[in-house]
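The sequence shown begins at 8 in my numbering and counts up one residue at a time.
The hints are simulated quantities; they were obtained by calculation from the structure and are not laboratory data. Treat the hints with care, as some may be off.
Straight line, CA to CA, 30 Å or less: simulated DSS-like cross-link-like pairs of lysine-lysine [what the hints assert, rightly or not]:
hint, residue 1, residue 2
1, LYS13, LYS41
2, LYS110, LYS86
3, LYS90, LYS13
4, LYS41, LYS110
5, LYS100, LYS86
6, LYS13, LYS86
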Amino acid sequence: MAESIKSEETFKELISSDAPVIIKFEADWCPDCKRMDYFMPDVESQFDHLPIHTIDKDEFPEIASNHDVMGIPSLLVFKNNEKLAHLHSANAKTPEEVTAFLKQNFN
């Protein structure tokens with residue numbers, strides 16, 4: 008299960024890792040985010056070696072803006088303070104799309 012990021016310091020610490028980390032940008036009011044929550048446990052189980060975290064776009068608008076997160080849910084992959092990949096909300100509607108994105112970036 009993805010851990011929720013509650014501070015900018017935690018976010019900075021996670022993305023500075025020398026191992027890839029996935030950050031899911033979401034919000035409580037977002038229906039597509041809730042839909043993704045239903046299938047993410049199955050997707051995550053295929054990639055259990057990858058740390059996945061969530062962050063509320065509304066609580067941290069500057070972080071979202073700094074990383075070009077316009078729509079939610081969005082999945083971003085970071086390593087060594089660099090954004091390596093970004094699955095935009097328009098392409099994150101199904102388990103197949105999310106799984107393909109993760110396979111493309113982690114195989």
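Here's how the hints hold up against the structure:
no.	hint	result
1	LYS13 with LYS41	holds (19 Å)
2	LYS110 with LYS86	holds (16 Å)
3	LYS90 with LYS13	holds (20 Å)
4	LYS41 with LYS110	holds (22 Å)
5	LYS100 with LYS86	holds (24 Å)
6	LYS13 with LYS86	holds (19 Å)
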